[in-house]
Amino acid sequence: MTGTIIENLSGRKLAVLVTLLLLCQVICFLIGGLVAPMPANTQTILGTVCKDTSVMKNDTSKWFYNRGKGSCQTVDLGETHHDLSERDIVFAFQMPVPREGERFDYSRWQQNLIGVLQLDVRYHSQMEVKPRSTVTIDARLAYRNKGDPDDEWKLYTQSIEKRNLDCDIDVKSEEYLYNCSTIPLFELGSLYHDYYLLNIRLPVNTPDMNVHIGHLQDIWVTVINQNGGFTKVWLSLKTAFFPCIIAILVWFWNRIHMLERKPVLLEKMLLSLGISLCLLNAPIEYLTLQYDLPFMLLLGDIRQGLFYATLFSFWLIFAGEHMLIQDTSSQSSLKQYWRHLSAVAMGCVSLFIFDMCERGIQLRNPFYSIWVTDLGTNLALTFIILAGISTGVYFLFLCYMVWKVFKNISHKRQALPTMCSVRRLHYEGIIYRFKFLMLATLLCAALTVIGFILGQVAEGQWKWDETIELEYTSAFFTGVYGMWNIYIFSLLVLYAPSHKRWPVNENTSDTQNLSEEIEFSPIPERSEISSLTSFIRKATID
Amino acid sequence: MFKSGVLTFLIVFTVSIFAAKNVNGSQPVLQKTIEELFTDRADVIYPGSCKTFRSSARQSKMCKKEPGLSNIILTAKQQAITACEDTFQYDRWNCSLVFNKRPKKSIFKKIYRETAFVHALIAASIAHAVARGCASGNLSRCACFGSFKNTSWHVRGCGDDFKFGKRFTKNFLEWKQAGSDQIAEIIKQDVIVGIDSVGEQMKEICKCHGFSGSCTTKTCWKRLGPFNSAMGLLKKHYHHAVKRKLVNFTTKRAVTPKARKRMQLDKNNLIYLQKTPNLCFSTKGRICKDIHNCATLCCGRGYVTGKKIVKSRCKCKMVDCCFVKCDTCVETVDLFTCK
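Protein chains in written order, with the UniProt record's numbering: chain A, 1 to 542; chain B, 1 to 339.
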């Protein structure tokens with residue numbers, strides 16, 4: 001009978017392979033740290049206060065901006081104006097802001113644009129900001145492309161949004177500002193156009209609209225976009241990994257088809273894990289350089305979620321398949337694991353619903369946020385807590401199963417001295433390698449967690465000397481991404497069925513062994529599952 | 001013996017005259033610019049492209065290259081003076097240009113505590129105004145500071161505006177060319193302390209935008225506060241300023257390593273050389289905030305309590321989004337005036 005490759009691999013070959021993989025891992029980390037810039041970049045824009053003298057305020061063909069031909073007439077809010085009403089005030093944000101004497105434009109490599117609003121509210125003893133007051137924002141977003149005339153802004157999207165304003169103040173003095181929380185304003189999943197323009201008005205259509213927001217001094221908008229350099233490095237990594245995983249999958253599939261039996265559950269799981277990694281690695285971001293695809297943020301979430309779901313399910317089934325309690329006669333199937341997998345499914349489904357409620361609706365209205373209304377907040381929190389609970393339950397369950405497997409193995413190990421020497425050596429090897437893989441999983445998980453925590457603690461940039469700078473955040477992303485890719489590559493390779501025969505003909509004791517084994521098997525060992533599993537199962541029967 | 005004594009005396013005398021001249025006379029651009037910006041309260045328009053003050057050749061070139069700059073400098077000047085007058089309203093030194101109302105006692109004559117503070121204040125204000133100008137797009141030549149050079153904004157992104165503001169201010173005030181004698185070193189440090197107090201006021205804000213909006217990806221940036229909050233810190237620096245002695249008379253000579261080492265100790269403090277004269281003579285007739293404040297402001301001479309009818313804004317409402325509309329109320333308040 002045949003086993004998997006890991007069981008037939010010699011210690012030296014395994015060591016060489018592991019060293020190679022570690023080398024790849026280090027390269028991934030260094031590419032992110034040394035080549036890529038930090039993942040995202042911010043630009044803070046101070047709103048220009050423009051005067052809108054038109055009568056019709058809901059005319060979306062009229063735009064206000066502060067640079068270029070036809071720029072607006074600015075107003076100083078510090079002075080009193082008797083000729084202006086609240087309706088005549090527009091805050092204009094033209095992005096990107098110019099730098100180094102050049103008029104900058106967005107590149108499609110920058111992928112997405114997230115806007116965050118910051119209100120500067122000055123303390124005024126007569127007009128204190130009420131806690132939990134809401135601010136109503138009439139936001140309009142326009143775009144323009146290179147080559148268009150300066151005043152040819154076209155409407156991208158428009159919405160009237162409510163946001164909660166949480167402000168507090170330490171020193172209650174007229175000259176000081178409230179400490180207001182930032183307000184998420186919009187999320188664009190694609191950065192297709194070259195220039196964007198945001199016009200914000202604070203409407204007062206009803207008597208209680210925008211009255212408790214205090215003395216507004218300035219509005220700032222911070223826009224966050226992915227760095228083009230980071231996108232390039234990330235996409236190159238994907239482009240490098242994608243053919244690898246395809247090739248490995250094809251090879252793995254061939255291996256399984258070469259056997260006379262049907263693939264077992266573990267092999268099916270490995271295959272689906274590979275396919276989900278394939279989906280994750282597919283560099284479809286190249287399309288955004290040509291087409292306007294606002295759903296990329298959502299799609300990215302879905303791809304990532306799908307990958308996590310398969311990885312988590314794989315771990316459960318991997319542990320379960322080595323559990324040695326099932327009756328051996330039946331081929332194990334996914335149905336057996338429905339209780340175990342329901343935690344994964346629940347977590348994924350609730351996260352998916354949450355994501356659809358937030359980023360899904362943002363496809364229609366980039367200014368939408370689920371966190372604004374009380375109902376939305378509760379709904380979002382419910383789904384997030386549900387996902388959190390399922391993850392907790394999942395990990396408890398997984399730990400329990402792994403602990404059980406280890407206990408069983410050590411229990412069976414005591415039975416080893418009674419076996420004949422060649423078989424014992426062989427089984428010991430299998431146990432060792434099984435533990436080795438468990439260790440690899442733990443190591444990967446631990447490294448991810450440690451890396452994440454380090455990233456939270458560290459400033460984001462590590463400096464060794466004047467010349468070498470390590471961009472830690474990017475290094476973490478590429479490192480982790482590379483690590484899980486390498487992990488799954490090696491799983492697929494090492495757990496593929498081996499076509500090496502057991503060294504039956506080499507000496508007589510082995511022949512004896514084989515006959516002994518056949519004797520012990522109560523059923524003809526037709527299925528060629530991992531010999532470890534068969535060993536454990538057989539041992540149970542012993 | 002006697003002869004050499006006279007010679008030494010003569011040398012010391014001439015050198016100290018030169019030293020005094022160096023303080024008053026031909027100043028570096030750094031001191032000149034700050035003094036002019038602070039002194040001119042009438043918003044005179046000068047010839048040259050910087051308009052707000054008599055600029056040096058290099059400064060004129062910078063103003064010409066960046067059309068928005070002269071406005072930024074004007075804003076910086078106005079916000080510095082307004083903030084200074086507001087903050088020092090109830091102090092013995094009320095942000096005046098001269099001590100004790102005597103025209104000859106200019107605060108720029110020697111390096112007093114006040115002189116050190118004004119240098120910090122003006123520099124801080126310029127850095128703040130420049131950073132703000134960059135954010136609003138009024139200045140178009142703000143540089144991008146990434147940690148890597150020679151790459152475009154698309155690839156690396158930009159550093160924050162305050163970093164540029166700091167570098168620009170130092171450049172504009174010709175900080176590096178200010179000299180390396182002790183007085184220049186002190187002024188230079190005061191300028192840096194001032195600029196940095198704007199930087200210290202900046203608050204870090206973060207936004208999570210990772211997987212499903214979680215914090216797997218977090219981006220942080222620093223928010224430029226209003227100039228007034230930096231003013232609080234600057235006033236603290238004013239109170240905690242450190243007095244230094246002039247190490248040698250030959251101020252033109254570069255600072256000795258020993259003196260430099262001593263200055264390193266007080267790197268985060270304002271430094272001055274001359275004790276402020278007693279300002280008690282000029283506080284007669286000044287208005288104090290309350291009884292407690294009167295005790296210090298009036299130098300123990302006591303105060304007169306009067307009544308005053310004050311018209312003030314009250315019942316203010318934010319009927320509109322952005323303007324304050326108030327009624328005018330008439331109140332009678334106690335008024336304390338120093339004897």
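Hints may contain errors.
[What the hints assert, rightly or not] Ranges between beta-carbon positions, derived for each pair: (1) A:L23 - B:N269: 23 to 31 Å; (2) B:P47 - A:D150: 29 to 37 Å; (3) B:C206 - A:A446: 24 to 32 Å; (4) B:P257 - A:S125: 51 to 59 Å.
[Stated by the list, open to error] To give an idea of the interface, some chain A residues facing chain B are shown, with a C-beta separation under 8 Å as derived from the structure: (5) N41; (6) W109; (7) Q110; (8) G228.
[Unchecked claim] Over the 12 Å line for every Cβ pair with chain B, so calculated as not near, a few chain A residues: (9) C24; (10) I45; (11) L46; (12) Y65; (13) Q73; (14) T74; (15) D120; (16) G147; (17) F230; (18) I246; (19) R255; (20) R261; (21) A345; (22) Y400; (23) A446.
Since the hints were made in silico from the structure, they are not lab data.
Even glycine gets a Cβ: it sits at the ideal position worked out from N, Cα and C.
Here is how each hint holds up against the structure:
no., hint, in the structure
1, A:L23 - B:N269: 23 to 31 Å, "violated, 52 Å"
2, B:P47 - A:D150: 29 to 37 Å, "holds, 33 Å"
3, B:C206 - A:A446: 24 to 32 Å, "holds, 25 Å"
4, B:P257 - A:S125: 51 to 59 Å, "holds, 54 Å"
5, N41, "holds, 3 Å"
6, W109, "holds, 6 Å"
7, Q110, "holds, 7 Å"
8, G228, "holds, 4 Å"
9, C24, "holds, 23 Å"
10, I45, "violated, 6 Å"
11, L46, "violated, 4 Å"
12, Y65, "violated, 9 Å"
13, Q73, "holds, 15 Å"
14, T74, "violated, 10 Å"
15, D120, "violated, 7 Å"
16, G147, "holds, 18 Å"
17, F230, "violated, 9 Å"
18, I246, "holds, 24 Å"
19, R255, "holds, 33 Å"
20, R261, "holds, 39 Å"
21, A345, "holds, 17 Å"
22, Y400, "holds, 27 Å"
23, A446, "holds, 17 Å"
The structure fails hints 1, 10, 11, 12, 14, 15 and 17 (numbered hints given earlier, in ascending order).
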